[in-house]
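Protein chains in written order, with the numbering used here: chain A, 1 to 693; chain B, 694 to 1021; chain C, 1022 to 1271.
If you are wondering where the hints come from, they were derived from the structure by calculation, not from laboratory data.
Note that the coordinates shown come from a computational prediction; the quantities given were computed from them, not determined experimentally.
It cannot be assumed that every hint is accurate.
DMTMM-like cross-link-like pairs, simulated, lysine to aspartate or glutamate; straight-line CA separation at most 20 angstroms [as the list claims (entries may be wrong)]:
1) A/Lys492 <-> C/Glu1239
2) B/Lys985 <-> B/Asp1002
3) B/Lys765 <-> C/Glu1239
4) A/Lys492 <-> C/Glu1182
5) C/Lys1217 <-> A/Glu263
6) B/Lys909 <-> A/Asp673
7) B/Lys834 <-> A/Asp424
8) C/Lys1237 <-> B/Asp820
9) B/Lys834 <-> C/Glu1182
10) C/Lys1211 <-> A/Asp673
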Amino acid sequence: MTVGHGMFILIVVLSLAFFSYNAQRLIRYMMSIGQPEIRTGHPLTRIKNLFLVGLAQKKILRDAVAGPLHASVFWGFVVLTIGTAEIIAQGLFPGFTYAAILPAPLYAFYILSQELFAVLVLAAVGMLLYRRIVVKPRRLQGDKVHSGDAILILSMIGALMVSLITLGAFGFALHPDSSTIFQPVSLAVSHLLGGLSAGTLELGRETSWWFHALLILVFLNYLPYSKHLHVLTSLPNTYLSNTSGPGVKGAMSYMDLEAEGTEQFGASDVTQLGWKSLLDSYSCTECGRCTAVCPANITGKLLSPRKIMINTRQRLMELAPLATGDFGEFEHHALVAGEGGGAGDASVSAALANTLLDNYITEEELWSCTSCRACVEECPVSIDQLDIINELRRDLVLMESRFPPEIQPAFESLERNGSPWAFDPGDRAKWAEGMDIPTMAEMVDRGERPEVLFWVGCMGSFDDRAKKIAVAFARVLQAANVKFAILGQEEKCNGDPARRMGNEYLYQMLARDNIETLDRYGVETIVTNCPHCFHQIGNEYPQLGGNYDVIHHSTYIEKLMDENRLPLNGEGKALTVAYHDSCYLGRYNDVYEAPRETLKRALPMMTLVEPPRNHSKGLCCGAGGGRMWMEESVGKRINLERTEELLATGADVLAVACPFCMTMIGDGVKAQDSSVPVLDISEVISQQLGHHS
Amino acid sequence: MANVFAFAETRNGDLRKIGLEAVTAARKVADETGGTVDAFMAGAPGVGAHAGQLATYGADTVIVVENAGFEKYNPEALAATVAERVRGGNYRVVIFPTSALGSDLAPRVAAKLGVGLVMDVTGIKLDGNALIVQHPVNIGKVIATVKIASQPALIGIRANMFTPAEKPHAGTVERAEPVGDPSASRVVVKEVKLGGGAKLDLGEAPVIVSGGRGLKGPENFKLLEDLAAAFGNAAVGATRVVTDEGWRPHSDQIGQTGRLVSPQLYIAVGISGAIQHLAGMRTSRTIVAINKDKEAPIFKVADYGIVGDLFEIVPVLTAAVKEAKSRG
Amino acid sequence: MKIAVCIKRVPDMDVRFKIAAIGNAIDEAGLKFDMNDFDSWAVEAALQIKDKDAATEVVIVSLGSDSVQETIRKALAMGADRGVELKVDRIPFDGLAIARALAAELKDGGFDLILFGKQSADSSNGVVGAMVGELLGLPVVTSISKLELAGRTGSAKREIEGGQEFVEFPLPAVLTIDQGLNTARYPALKGIMAAKKKPLDVKPAQLGEQSVTVVKMELPPERPAGRIIGEGVSAVPELLGLLQTEAKVI
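Please model the entire structure based on the sequences and the hints provided.
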């Protein structure tokens, strides 16, 4: 054993020990601070996510510029890790090479892959550095975003690639007979080294090897102190995430309000979040894609989903060492630079007194969220930012009764009248007067059962504009001879506004009342024109034992068209229509095509145009997450931002599939002094009804 | 024979209109059975000069209590004095106004006498030994017919329900002294602030003139301020769009996320009637809408609507209200 | 400080009422009940005093059938300490009868303040608070929209027609609360849970004789449907006429 060999073994052992120490520390923080959660079910879905989102980089590639660059680095890393293992093995067992254990063609393929990916990664790193240092895209800016960290990491990766090439090149120059065309780049570089003495070449080779091997170990041990921890956590995080399933996308977590001994509802600190939220915080690379698509942030509000994650991590790193007895770690913070305020270098007593809520994340940020889910959709490593926002909102309302004062009337009306507005429940079915639409009670009295229950929703019942949507959809149902009923006075708000505003107690009260009513009538199939009712009843009521087949009216109309039940007149002008995606229909439920398809079929001469942000990238109208009942006094109004974008398409008609979008976009159009009509898809269809030939 | 006691409210040495309404109501009840009306007035020395006015509206006797201690409302001394007079007067009915003062005074007197009291009465009828009154309940959505069996029966009449009608009677003035020492009251009114151009709060103004997007800009709210000024008791409100645009302060917003109001009269100008706005004002007693779009949802909740250009209509309405007010 | 707040359970007013078959009451089927708004501001006023002085005890008293327990629990959820139900089968209309029952309960409680809402939304009579004060021989200030306490003296603002009165009074006292004093806090779930464990005594109410009774209830004539009376300035004179004669608001 040479001195160098001995030293290398020692270095590897020490660095792995140090890395293991940090790894166990971070895992321990996460598991002992976070609340228990089970994330192991449905392994097939998880493996699918791991392949699609993790290995295939599906979400990374949503960004047309940075996507391919990062994917190159990622795939390069995966491939080059095999080479890294060889190099470390060589250090431990001198003379080791894969050539000894691999068949020649496979070995040739292996060395070629190392060469090519090294070059690919080097090129990508060059461009990423250029982007970071020269271009500086807005989403990479933040109050205290670790740009230096990023530059350091990119430089390390670059240096790893360069040393990998020089290692090969010095080797070939020293032993030209070992040259192979499967390492073309190293070979090319080796020709430049022709004039050097054997001693120099040997020194160059040795230096390259040591530099590369040591840098790998440095890199590995730097990760736990860097936002680049995601290199290690992103794949496990993607596997353990529920953001693309398993389970229902976007469903808020079930909360047992009756559980004995529960004294905390929601979360005000990291100790009350699930451990997965903490793993999410480890996995955040501060890429800012979430913040770049956040409607609140885009329009100048304080909310930044990235900041939510960074500050969650910062708070965890402040509290966890104290809470777990790692007082030494408290002294030298790792991963603690937060974005935009936060406590930072606190004394022990201050650190213990701090909470995630208020000290790191303010009420104002939380109430700006429209729950549109754009951040979650965008995150390349499947972080669920919304989960933290929802849990903190729950604490605010359920524990502290702290919320914007203007939503109190909504809470009170929901409780008293079963609708967020103080209207007489007795007027719920007024829109249907003279339309010969039976209530469920009337139908049951006659001993009949409907094909479907039309769930009208509070907007359709009380909002003058939305009542017209209810009428239009009812006409469509009647034209298709669908036997349907409504609940009338027995219908109550589905509870989504209360739940999204953090008032789980009120939500469960409403939901249980509705489930009781629906079950009493044995309702099985529900159609509704409101995506919030659709999502809530279909996807979240099962948590409370309400199981129904809930269909959004766009899908239902498409089905009626498929079954040839809709007498369309086939007429229509050559209109240009822009469709606005509803968040709860699109991102929450993946219903993108049904509304577009029904429009196309109803208006054969129509041209469907898309605003720049469409489908899963669609921009929220601003009404979700209870924002409909809150003031929007900071920054630009979200509905204006969206309406401008829709009007800029030059469309003759704006089509929506949600009564809340209708209000917001309708208001936006008025504010623009535009006369472009905003129509619900059911209104477009109902205008095209003819007679069965 | 039903003798009636009427409390004629005074303020600053003057009779209030609702005081005359109490005497008018008392006269009506008394006349049904040939009874007499005793009107009671109290105030600082000199208030008795108005006794003649009570005679004009039908008082047979005017009980006048002049005392420096009654210059401002003195609830404890006044209640003791009124209770003493009623106790000794063998009245079938005692009538108070349902005013800020009457609503404070009447229950004190009723408790002292141990008799029944109904406030906010809109109709009165004698029925044998009992008094039958109409009294709106459930914020006016239901009318209750209530029987008061006690002797006397105490009621507070709603303002503007018994229009003062002249019906001259003798109005013999009878001077009386306060019961107890008015300066020894525990509850003391230190100061009274009246009017003085203070901006009426939206929650309290009987009339609200409110503007929406149709006003087109902050400068045009002058039109609404002028209309409010013509009413004299009106406040100016706005929709969420208007406050979001910064045309008016956020505190002026009427609607689900702003103030929830139900004034006697709500005039919606250039307001289409979004659900958020309707939720905050639809319980107003009378709603007037002025809007250029006859399809606007506001017309569905309005009692009276005018379709047309608000910039033409509002100034004309302002002038008309001013004229009506100067006549009335 | 020891504060009693008397509250009433009333139906939600955002509905169209129906008259019960007996003819002198509303049909309560399907109605939602909650704490009377004015009373919730009274509870809030007491709790704001408690917020500043933790030693304050806030006792909720409500006269009604057992269903008022739900309303009392709401006040407890807001932060009051304990509740008393004065049990009756039906809440009478006679304010004096109610006041006597309440006064009997409050008489020996040693309260520094007894708070009421200015009036209930259903009976709309607004007499009970002042009657209780009178029966207990305590100073009474009604319809206050501002309250300050300094030691054993309080000052309050009362809204009067076209102005305000500023009143001083000594403690103990009875106050009735008007709109504008505060906005009632929304009970958090934490408070709702805590309220379940707070004491709530049930006692029979000593109602005594009643001289005021409801003999009939009826719905007022339907408001005429809204109508567009005309277009442009030519419609103004008609509007003014209607406001004067039909709506009687000018």
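A quick look at each hint next to the structure:
no., hint, verdict
1, A/Lys492 <-> C/Glu1239, "violated (29 angstroms)"
2, B/Lys985 <-> B/Asp1002, "holds (6 angstroms)"
3, B/Lys765 <-> C/Glu1239, "violated (40 angstroms)"
4, A/Lys492 <-> C/Glu1182, "violated (41 angstroms)"
5, C/Lys1217 <-> A/Glu263, "holds (13 angstroms)"
6, B/Lys909 <-> A/Asp673, "holds (11 angstroms)"
7, B/Lys834 <-> A/Asp424, "holds (13 angstroms)"
8, C/Lys1237 <-> B/Asp820, "holds (14 angstroms)"
9, B/Lys834 <-> C/Glu1182, "violated (24 angstroms)"
10, C/Lys1211 <-> A/Asp673, "violated (47 angstroms)"
The structure fails hints 1, 3, 4, 9 and 10 (numbered hints given earlier, in ascending order).
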